[in-house]
Structure formats: structure tokens, C-alpha cells
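Colleague: When you get a sec, could you build the whole thing from the sequences and use the hints?
Just so we're aligned: the sequence shown equals residues 94 to 433 in this note's numbering.
Keep in mind the hints are simulated off the structure, nothing from the lab. Treat the hints loosely; a few may be bogus.
[Said to hold, decoys possible] Computed list of lysine-lysine pairs in PhoX-like fashion (alpha-carbon distance at most 25 Å, straight line): (1) Lys401 to Lys373; (2) Lys387 to Lys373; (3) Lys387 to Lys177.
[Unchecked claim] Per label pair, the in silico range of CB-to-CB distance: (4) Gln200 to Ser366: 18 to 24 Å; (5) Glu347 to Asn295: 25 to 31 Å; (6) Arg417 to Pro349: 26 to 32 Å; (7) Ile368 to Ser202: 34 to 40 Å.
Backbone N, C-alpha and C define an ideal beta-carbon position, used for all residues, glycine too.
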Amino acid sequence: MFENVDNHHTFWYCLHGNGYLKPCPASSIWSQIDCQCVRKTMLPTVTVTTTTTTEETVLPTTETISNCLDSNLITFENAANYSKISNGYYGLTWTNAYVLDTQIYPQWSESGFYSAIKSGTWVAFNMNGERMTISIDTPNTFSIKSFVVSSAWNDYVTLSMVSQRASTYYKEASFKIEKNRSTTIELNWFDINTITFYASINNSQHGEVFVIDDLCLDSTTLSTSTSAEIEDKCSLNEIFYQGHCYYLDGVGGECPYGYSLGSETVLSAIADSFIGLNYKTAISNNCCVVTSEKSSNYGINSTDQCNKQGPFTVVPSYNGGGCRNYTTRHSRQLTFCMSN
Numbered sequence: 094m095f096e097n098v099d100n101h102h103t104f105w106y107c108l109h110g111n112g113y114l115k116p117c118p119a120s121s122i123w124s125q126i127d128c129q130c131v132r133k134t135m136l137p138t139v140t141v142t143t144t145t146t147t148e149e150t151v152l153p154t155t156e157t158i159s160n161c162l163d164s165n166l167i168t169f170e171n172a173a174n175y176s177k178i179s180n181g182y183y184g185l186t187w188t189n190a191y192v193l194d195t196q197i198y199p200q201w202s203e204s205g206f207y208s209a210i211k212s213g214t215w216v217a218f219n220m221n222g223e224r225m226t227i228s229i230d231t232p233n234t235f236s237i238k239s240f241v242v243s244s245a246w247n248d249y250v251t252l253s254m255v256s257q258r259a260s261t262y263y264k265e266a267s268f269k270i271e272k273n274r275s276t277t278i279e280l281n282w283f284d285i286n287t288i289t290f291y292a293s294i295n296n297s298q299h300g301e302v303f304v305i306d307d308l309c310l311d312s313t314t315l316s317t318s319t320s321a322e323i324e325d326k327c328s329l330n331e332i333f334y335q336g337h338c339y340y341l342d343g344v345g346g347e348c349p350y351g352y353s354l355g356s357e358t359v360l361s362a363i364a365d366s367f368i369g370l371n372y373k374t375a376i377s378n379n380c381c382v383v384t385s386e387k388s389s390n391y392g393i394n395s396t397d398q399c400n401k402q403g404p405f406t407v408v409p410s411y412n413g414g415g416c417r418n419y420t421t422r423h424s425r426q427l428t429f430c431m432s433n
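Modeller: Listed below in C-alpha cells is the structure:
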């Protein structure tokens with residue numbers, strides 16, 4: 094952490110339970126996002142003047158927040174099924190930004206996906222807890238005024254943001270967010286090119302999923318196109334990969350019309366993407382995954398996730414749950430399907 098917000102060169106360092114002030118090298122500054130000293134490009138010229146207000150979860154509404162009257166209020170309602178936001182949405186480039194309709198997930202009603210709702214039923218989130226970035230090509234700029242945010246699954250989460258102006262460091266800030274209460278963060282960062290979001294608990298290397306609604310952006314430099322062009326055309330709980338849609342389901346090795354069994358090679362490549370998703374139609378009754386191979390070599394440890402209500406917190410792995418050269422098929426055995 095910084096010694097103070099105006100000094101990005103000195104930070105607190107903890108060793109054996111004792112705190113020490115340490116300086117970065119002369120050509121570097123401390124980054125709250127990367128948790129390390131990074132090359133100094135341009136120091137901020139003004140103090141970060143961010144404020145937060147925390148409010149109880151509100152019912153879905155289409156009412157525009159008062160400080161966004163002169164801006165584009167992005168509510169993420171004009172989107173298709175659970176999908177990745179494509180580049181060009183509101184004239185911006187979106188990295189690891191996804192949207193979903195919360196009313197399709199009633200089982201998540203106690204999660205941050207519901208507490209973050211401010212307008213309608215759609216929200217945006219970062220897949221698998223990885224960093225989300227919003228950017229625009231220079232010399233264009235945008236200004237981010239405010240947004241509503243919750244942590245998806247856990248409390249005591251720190252949401253950190255760092256921005257760039259003219260492709261050099263501008264400002265950064267961090268805020269605590271919770272699962273069952275939404276937080277309205279007012280940044281008022283103007284004329285920037287990039288903002289990156291990252292959430293974690295106690296600076297852990299494991300990222301946390303956060304949920305955003307009512308993103309308030311300055312409209313003066315944005316594209317007039319607000320249509321949601323979605324890259325992924327897959328249905329609920331499916332993963333788009335190399336032109337096909339994939340999902341996991343407890344259907345005993347039988348994929349429906351229009352789908353066939355996917356390979357273990359593809360499963361190994363995209364398994365982590367199923368974190369946070371759910372069974373397509375039915376909970377499994379056997380942990381070994383049926384694929385297009387003659388035997389099952391991938392599975393989920395039964396003590397972790399297998400045969401339990403989703404969303405998935407762990408994913409199939411090689412020899413997971415002791416699955417190797419497994420050939421018996423059960424009525425609702427876990428199955429890996431792909432679109433034809």
C-alpha cells in the first residue's frame with residue numbers, strides 16, 4: 094500500500110509481521126494493481142478524488158441515476174444471451190467483459206449478481222476473476238463517471254482500478270466491495286484511454302468475480318452506435334471456442350440433436366472457463382466425463398463439485414476423481430457436448 098496517495102514511490106512492506114517503508118527504484122512507482130514496482134511513465138498531476146456511497150440492494154429499475162444525465166448510461170440491457178461483449182460496443186474495446194440476464198439464474202439470488210442490479214435485469218462481470226479492461230484507440234478518449242458494483246461470491250473483496258491517459262499512467266484507486274450490498278463508485282476520471290479492473294481478497298493472486306451495472310460514461314467522445322454486437326452465439330451455460338459451443342451436463346453420454354460429444358483435447362483447453370457456469374439441464378450422478386474418446390480420462394473430484402448443484406467451483410481435470418480409462422456409463426453421467 095502507498096505511504097500516502099500523493100507519493101507513489103514509497104510503499105509499505107510487511108516482513109515477519111512487521112511493517113516497513115520501502116522505496117521503489119528511482120525509475121519506478123508502486124502499482125496497487127500489480128502489487129509491485131512498475132516503470133514510471135507519467136505521474137498523476139492531481140490527487141485522486143474518488144468517493145463511494147454504499148447502499149442496500151435495490152429492486153430492478155429503469156430509472157437513470159441523477160449524475161449521469163449528460164452521459165451514456167450503459168445498463169447492458171441491449172444484449173443477447175450470456176455472452177462476451179464485443180469490441181465496438183459503445184465505441185469501446187472490451188477485454189474479458191461478459192453480460193448475463195440475472196432472471197435466468199434464480200439460484201444466484203443471494204449473490205452479487207443480484208445485489209448489483211440497478212437497472213433492468215442485465216449485468217456485466219469479469220469471467221473467471223480475471224482482469225477486465227475498457228479502452229479506446231488514441232487519440233480518442235472517454236470519461237468514466239460512476240458505476241454500481243458488487244462482489245459476486247465473497248465479502249471483503251478489494252476492487253482496484255488503474256487508468257491511462259494518452260497511453261501513460263493517470264490514476265488508480267481501490268475500494269472494498271461486498272456480495273450482498275452494492276456500492277456506487279464515483280470516479281470522475283476524464284479523458285482517459287484505458288481503465289483496468291481487478292478484484293481480490295488480501296492481494297491474493299487468485300482473482301475474484303465482480304458484477305457491474307449502470308456504468309456512467311461521458312458521451313462526447315463515444316461512438317453513436319450502442320447496439321450490442323455479441324461475439325459468442327452460444328446458449329446459457331455454454332462456452333464458445335473455435336466456432337463451436339460446449340457445455341457440461343448430467344445426461345449419461347447422450348447429447349441432443351444438433352450436438353455431439355466433444356473431445357478431451359478441447360475439454361483440457363477450455364475446462365477453466367466452466368468456473369461459474371452450471372449444468373446445462375441436469376446434475377450428474379457420476380464424476381467421470383463422457384467425451385468422444387472410447388474411455389473417460391477426465392473427471393471432477395466428488396468431494397469438490399461432482400454430483401452437486403452448480404455453479405461449478407472446480408472443473409474436470411485429467412485423472413480427476415480417479416477417472417482414467419473409465420468405460421461404464423451411468424444414466425446421468427457427466428457429459429461434454431459440442432454444437433455441430
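Colleague: Determine for every hint whether it applies to the structure shown.
Modeller: Comparing the hints with the structure gives:
A distance of roughly 13 Å separates the Cα atoms of Lys401 and Lys373; the hinted pair therefore holds under the 25 Å criterion. Distance restraint check for Lys387 and Lys373: the Cα-Cα separation of roughly 23 Å lies within the 25 Å cut-off, and the hinted pair is therefore satisfied. Distance restraint check for Lys387 and Lys177: the Cα-Cα separation of roughly 33 Å exceeds the 25 Å cut-off, and the hinted pair is therefore not satisfied. Between Gln200 and Ser366 the CB atoms are about 20 Å apart, so this pair conforms to the stated range of 18 to 24 Å.
For the pair Glu347 and Asn295, the supplied restraint of 25 to 31 Å is violated, since their beta-carbon distance comes to about 45 Å. The given range of 26 to 32 Å is respected by Arg417 and Pro349, whose C-beta atoms sit roughly 28 Å from each other. Ile368 and Ser202 have their C-beta atoms about 20 Å apart, which leaves the hinted 34 to 40 Å range violated.
The structure does not agree with the numbered hints 3, 5 and 7 stated previously, though it agrees with the rest.
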